[in-house]
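Which chain is which? The protein sequence lines are A and B, in order. For reference, each letter of the first sequence is one residue, going 0 to 184 in numbering that gives the first Met the number 0. For reference, each letter of the second sequence is one residue, going 0 to 141 in numbering that gives the first Met the number 0.
Honestly, the hints are just simulated from the structure, not real lab data. For each residue, glycine too, the CB sits at the ideal point set by N, CA and C. Just so you know, not all the hints are guaranteed correct.
[What the hints assert, rightly or not] Pair ranges (Cβ atoms, derived): (1) A:Lys88 - B:Leu89: 23 to 33 Å; (2) B:Arg99 - A:Leu60: 48 to 58 Å; (3) B:Ala81 - A:Gln58: 38 to 48 Å; (4) A:Val102 - B:Pro30: 53 to 63 Å; (5) A:Arg69 - B:Pro21: 20 to 30 Å; (6) A:Ala124 - B:Glu74: 49 to 59 Å; (7) A:Gly86 - B:Asp90: 46 to 56 Å; (8) B:Gly104 - A:Phe182: 53 to 63 Å; (9) B:Arg99 - A:Ala30: 24 to 34 Å; (10) A:Ala30 - B:Thr44: 19 to 29 Å; (11) B:Asn26 - A:Pro152: 21 to 31 Å; (12) A:Ala30 - B:Leu107: 24 to 34 Å; (13) B:Leu89 - A:Val102: 42 to 52 Å; (14) A:Leu94 - B:Ser24: 28 to 38 Å.
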Amino acid sequence: MFRSVLAACLMALAGCRVAQPTTFFQLAPEAPLHKAAQTRFFETKDSDELLSASAAALQDLGFHVEESVRGLGFLRAAKERSALESGQKIGRVFLIIISLAYVFQPIDLQQQISATIVARPANAAGTRHEVRVMFHRVVWKGDGTVEKNYIPPGEQRMEMIRDPLIYQQFFARLSKAVFLEAFTL
Amino acid sequence: MRLFPFVVCITFAALAGACTVPKPSANLLAPTEAQTKLRSIQSRTFELTDRLVAMRGIMGVLQDLGFVIERANEELGLVTAAKFAEPNFLDVVEITVTVRPQDGGKFLVRVNAIFNNKPVEDAEVYQNFFAALERSLFVNRG
Numbered sequence: 000m001f002r003s004v005l006a007a008c009l010m011a012l013a014g015c016r017v018a019q020p021t022t023f024f025q026l027a028p029e030a031p032l033h034k035a036a037q038t039r040f041f042e043t044k045d046s047d048e049l050l051s052a053s054a055a056a057l058q059d060l061g062f063h064v065e066e067s068v069r070g071l072g073f074l075r076a077a078k079e080r081s082a083l084e085s086g087q088k089i090g091r092v093f094l095i096i097i098s099l100a101y102v103f104q105p106i107d108l109q110q111q112i113s114a115t116i117v118a119r120p121a122n123a124a125g126t127r128h129e130v131r132v133m134f135h136r137v138v139w140k141g142d143g144t145v146e147k148n149y150i151p152p153g154e155q156r157m158e159m160i161r162d163p164l165i166y167q168q169f170f171a172r173l174s175k176a177v178f179l180e181a182f183t184l
Numbered sequence: 000m001r002l003f004p005f006v007v008c009i010t011f012a013a014l015a016g017a018c019t020v021p022k023p024s025a026n027l028l029a030p031t032e033a034q035t036k037l038r039s040i041q042s043r044t045f046e047l048t049d050r051l052v053a054m055r056g057i058m059g060v061l062q063d064l065g066f067v068i069e070r071a072n073e074e075l076g077l078v079t080a081a082k083f084a085e086p087n088f089l090d091v092v093e094i095t096v097t098v099r100p101q102d103g104g105k106f107l108v109r110v111n112a113i114f115n116n117k118p119v120e121d122a123e124v125y126q127n128f129f130a131a132l133e134r135s136l137f138v139n140r141g
């Protein structure tokens, strides 16, 4: 009896450990698709102008620049917004009714959206430049309860933003700012 | 009752012993064999024209692999990036890459990755990274 309990405990402990994957430096099958959505080419020699216009386009979208490295053509910007969604609110109310006020499910409360831009020459002569932008967000949940157990706020979730429309909007602004047409891969 | 002074002495001796700080061993900071092995797994030399080319290649390959670049320092040849292991968004992989010039127009690229605050020591993981970097540098050279 004791041995079987011990074995069960050991198995449960082993199950809790997250094995280190070996695949995080391997290209995902969908990587070229993401790259195509995140990248545009501009026929210009002026990398500084491209980077400055990228910062301006991000400012227009409400971001504030957190880090910039001119030589590497690198920019990082972020903005915080409410993450409340009416769908989640309705779902929460529905769950409260169904569970007879047993479960108050935590819902998304606040989010930080970040943008990372790298602008670099795309050919040896430096007459064409590549701009790649990546958007991701961190979402914080509010509080909740299950029976009498309180769930404190602050649970985090992180995800990449893959919606092509957001990338298209950014590049449309950038294109307008540098008076140049953006080319895809 | 006769034992009382003896017990008091033993208690004080134990307390005094607990107060002494154990001395670190003389070879605390000496490199171990495992560290040397890990350093060789994490390092690779590339023949490149300048550091900027290497750094741009590294940033490009990190973006291809889905990493978000957090910091980059051109003067120090330093790039820091992180990635969330989708789809559960709970596991985080952090990576630091340094580029240092060597003799004869070569550059030493050293990578160290951390998965959920634990160092990654699997050689295959680093081989995959260097293979991707080599490909990226070759493509951009052309």
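ask   = Should the hint that Arg69 of chain A and Pro21 of chain B are 20 to 30 Å apart at their CB atoms be regarded as holding?
value = Cβ of Arg69 of chain A to Cβ of Pro21 of chain B: about 50 Å, so the range 20 to 30 Å is violated.
inquiry  = Within 42 to 52 Å: is that where the Cβ-Cβ distance between Leu89 of chain B and Val102 of chain A falls?
reply    = violated (22 Å)
query = Does the hinted range 28 to 38 Å hold for Leu94 of chain A and Ser24 of chain B at CB?
reply = violated (58 Å)
Assessment of proposed distance window 53 to 63 Å (beta carbons of Val102 of chain A, Pro30 of chain B) = Distance hint for Val102 of chain A, Pro30 of chain B holds at roughly 54 Å.
key: Whether the CB-CB distance between Ala124 of chain A and Glu74 of chain B falls inside 49 to 59 Å   = For Ala124 of chain A and Glu74 of chain B the Cβ distance comes to about 26 Å; the hint is violated.
query = Quick one: are Ala30 of chain A and Thr44 of chain B within 19 to 29 Å, going by C-beta?
reply = Holds - the Cβ-Cβ distance for Ala30 of chain A and Thr44 of chain B, about 26 Å, lies within 19 to 29 Å.
ask   = Is the hinted range of 23 to 33 Å satisfied by the C-beta distance from Lys88 of chain A to Leu89 of chain B?
value = Because 25 Å falls inside the window, the suggested range holds.
ask   = Are Gly86 of chain A and Asp90 of chain B spaced within 46 to 56 Å by their CB atoms?
value = Cβ of Gly86 of chain A to Cβ of Asp90 of chain B: about 27 Å, so the range 46 to 56 Å is violated.
ask   = Honestly, do Ala30 of chain A and Leu107 of chain B meet the 24 to 34 Å range at C-beta?
value = 27 Å Cβ-Cβ, so the 24 to 34 Å window holds.
task = Given the hint of 53 to 63 Å, check if Gly104 of chain B and Phe182 of chain A actually sit that far apart at their C-beta atoms.
result = violated (33 Å)
key: Cβ separation of Arg99 of chain B and Leu60 of chain A, checked against the hinted range 48 to 58 Å   = violated (37 Å)
ask   = Could one say that the CB atoms of Asn26 of chain B and Pro152 of chain A fall in the range 21 to 31 Å?
value = violated (48 Å)
Figure legend: structure checked against the earlier numbered hints; hints not met, in rising order: 2, 3, 5, 6, 7, 8, 11, 13 and 14.
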